[in-house]
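Please take these sequences and the hints and turn them into a complete structure.
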Amino acid sequence: MSSPTPHEDQLPALSPTSTNASLPALSPTSTNTSSADHEQQRNTPSKRILSCILCQQRKKKCDKKTPCSNCTRLGAVCTPSKPATPRKRRRPNQELLERLSRCEELLRHCTCARLPTPESVLNRFQQSPVHSEEKKSLGQEMSSKETN
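Counted from 1, the sequence shown has number 70 at position 70 by UniProt numbering; the numbering is strictly sequential.
Wrong hints could be hidden among the right ones.
For each label pair, taking beta carbons as the anchor points, the in silico distance ranges come out as [stated by the list, open to error]:
1) Glu98 - Leu50: 36 to 44 Å
2) Leu106 - Lys82: 44 to 52 Å
3) Asn93 - Leu50: 28 to 36 Å
4) Lys60 - Asn93: 39 to 47 Å
5) Ser69 - Glu104: 53 to 61 Å
6) Lys61 - Glu95: 46 to 54 Å
7) Arg89 - Arg48: 14 to 22 Å
8) Thr111 - Lys82: 23 to 31 Å
9) Ser120 - Leu97: 47 to 55 Å
Hints are computed from structural coordinates only; laboratory data are not their basis. Built from N, CA and C at the ideal position, the CB exists for glycine as well.
In structure tokens, the structure reads:
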């Protein structure tokens, strides 16, 4: 099997026969959070620590300490970078969705109104001049084959 991940060595080892008594108990406040608190947590962007400006410019791995080891080694001022402003979530444009549904409905209506019946297709096929010519030439070919 693969080597343990860095977090696996921090977890308590559980045997298959262990019970829930060995697991830490959750406090009532941690399980009964209000929906307002949940909304605030979800909408708050996580504060992710970014590399300092010098490490970003030099494309070096930053240890994200203040000052970082690269800046300390170079004797430079370690300036933490500012996170990019979060983008607004795009929502579907309601007007475009309404136009799309109207166009789809018109297309369905036009397609249904123009669907030919089997009788009309047969009549058009029998009455077409191209078909009459093909019928005559086919008849001539058949009669010539019968005589041979």
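Verification of the supplied hints:
{"no.": "1", "hint": "Glu98 - Leu50: 36 to 44 Å", "result": "42 Å, holds"}
{"no.": "2", "hint": "Leu106 - Lys82: 44 to 52 Å", "result": "50 Å, holds"}
{"no.": "3", "hint": "Asn93 - Leu50: 28 to 36 Å", "result": "33 Å, holds"}
{"no.": "4", "hint": "Lys60 - Asn93: 39 to 47 Å", "result": "43 Å, holds"}
{"no.": "5", "hint": "Ser69 - Glu104: 53 to 61 Å", "result": "60 Å, holds"}
{"no.": "6", "hint": "Lys61 - Glu95: 46 to 54 Å", "result": "47 Å, holds"}
{"no.": "7", "hint": "Arg89 - Arg48: 14 to 22 Å", "result": "18 Å, holds"}
{"no.": "8", "hint": "Thr111 - Lys82: 23 to 31 Å", "result": "55 Å, violated"}
{"no.": "9", "hint": "Ser120 - Leu97: 47 to 55 Å", "result": "37 Å, violated"}
Taken one by one, the earlier hints fail for this structure at numbers 8, 9, listed in ascending order.
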